[in-house]
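Asker: Here is how the chains run, residue by residue.
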Amino acid sequence: GENVEQHPSTLSVQEGDSAVIKCTYSDSASNYFPWYKQELGKRPQLIIDIRSNVGEKKDQRIAVTLNKTAKHFSLHITETQPEDSAVYFCAASDPGTASKLTFGTGTRLQVTL
Amino acid sequence: GAVVSQHPSWVICKSGTSVKIECRSLDFQATTMFWYRQFPKQSLMLMATSNEGSKATYEQGVEKDKFLINHASLTLSTLTVTSAHPEDSSFYICSAYKTDTQYFGPGTRLTVL
Chain A
1 GENVEQHPST LSVQEGDSAV IKCTYSDSAS NYFPWYKQEL GKRPQLIIDI
51 RSNVGEKKDQ RIAVTLNKTA KHFSLHITET QPEDSAVYFC AASDPGTASK
101 LTFGTGTRLQ VTL
Chain B
1 GAVVSQHPSW VICKSGTSVK IECRSLDFQA TTMFWYRQFP KQSLMLMATS
51 NEGSKATYEQ GVEKDKFLIN HASLTLSTLT VTSAHPEDSS FYICSAYKTD
101 TQYFGPGTRL TVL
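Protein chains in written order, with the numbering used here: chain A, 1 to 113; chain B, 1 to 113.
If you are wondering where the hints come from, they were derived from the structure by calculation, not from laboratory data. Cβ atoms here follow ideal geometry from the backbone N, Cα and C, with glycine treated the same way. Some hints here could point you the wrong way.
Simulated pairs of lysine-lysine, DSSO-like, Cα-Cα distance not exceeding 30 Å [claimed, not checked]:
#1 A:Lys71 with B:Lys41
#2 B:Lys66 with B:Lys20
#3 A:Lys22 with A:Lys58
#4 B:Lys64 with B:Lys41
#5 B:Lys55 with B:Lys14
#6 A:Lys22 with B:Lys98
#7 B:Lys41 with A:Lys22
#8 B:Lys41 with A:Lys58
Not close to chain A: a few residues of chain B, all C-beta gaps over 10 Å, as computed [unchecked claim]:
#9 Gly53
#10 Leu68
#11 Asp100
Next comes chain A alone, as it looks inside the complex (with noise of 0.2 Å):
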């Protein structure tokens, strides 16, 4: 099945700072990547996704980069803010269960003042 790997763990950058996490996938057939982010004890909302026939997407301060050769994913914060302190997991789809996510590990942001 699918494997998804998640890094850093922790992060902590400063308000201002941008902030990136990077995600490796392991099944080259996997065509959906979405991103989470979860604040402490509440649902995971996603906030951006990808789909695999496009390489980057932008929401205001938020993107996402698609490496399909590498099979890695990228979800980037700019000009962070306090509130983006959360947890954020990314996710591939299951190519044999397209509505299936395999999710990373998660990353724990700290944004500080």
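Use these hints to put chain B onto chain A, whose structure you have.
Answerer: Just chain B, lined up with the frame of chain A:
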């Protein structure tokens, strides 16, 4: 929209009792729902895939007789933790699948005494 609710939000029970958790898609029909378990500071671990009108598909290592899943309608899936024990204490989250994306419920925190 894609709103998913979960009930109860938290539950405390005695060891040996059973607990039922409901997951509802409020504004869309979901033929597929997922149940996850999340331990503190860990990622989402898929327990099972729930398909409306058919038996759930369990992930390896998840006891189907202990975690009973019923998906009787297009908007409701239930997870029953039978004969709960302290090691079953966790955060249980459901998601509903819509248009390539999973939308998560708010989670249920189960504490077994």
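Asker: Evaluate each hint against the coordinates.
Answerer: Hints, verified against the model:
| no. | hint | verdict |
| --- | --- | --- |
| 1 | A:Lys71 with B:Lys41 | holds, 26 Å |
| 2 | B:Lys66 with B:Lys20 | holds, 12 Å |
| 3 | A:Lys22 with A:Lys58 | holds, 16 Å |
| 4 | B:Lys64 with B:Lys41 | holds, 25 Å |
| 5 | B:Lys55 with B:Lys14 | holds, 28 Å |
| 6 | A:Lys22 with B:Lys98 | holds, 26 Å |
| 7 | B:Lys41 with A:Lys22 | holds, 19 Å |
| 8 | B:Lys41 with A:Lys58 | holds, 28 Å |
| 9 | Gly53 | holds, 15 Å |
| 10 | Leu68 | holds, 20 Å |
| 11 | Asp100 | violated, 6 Å |
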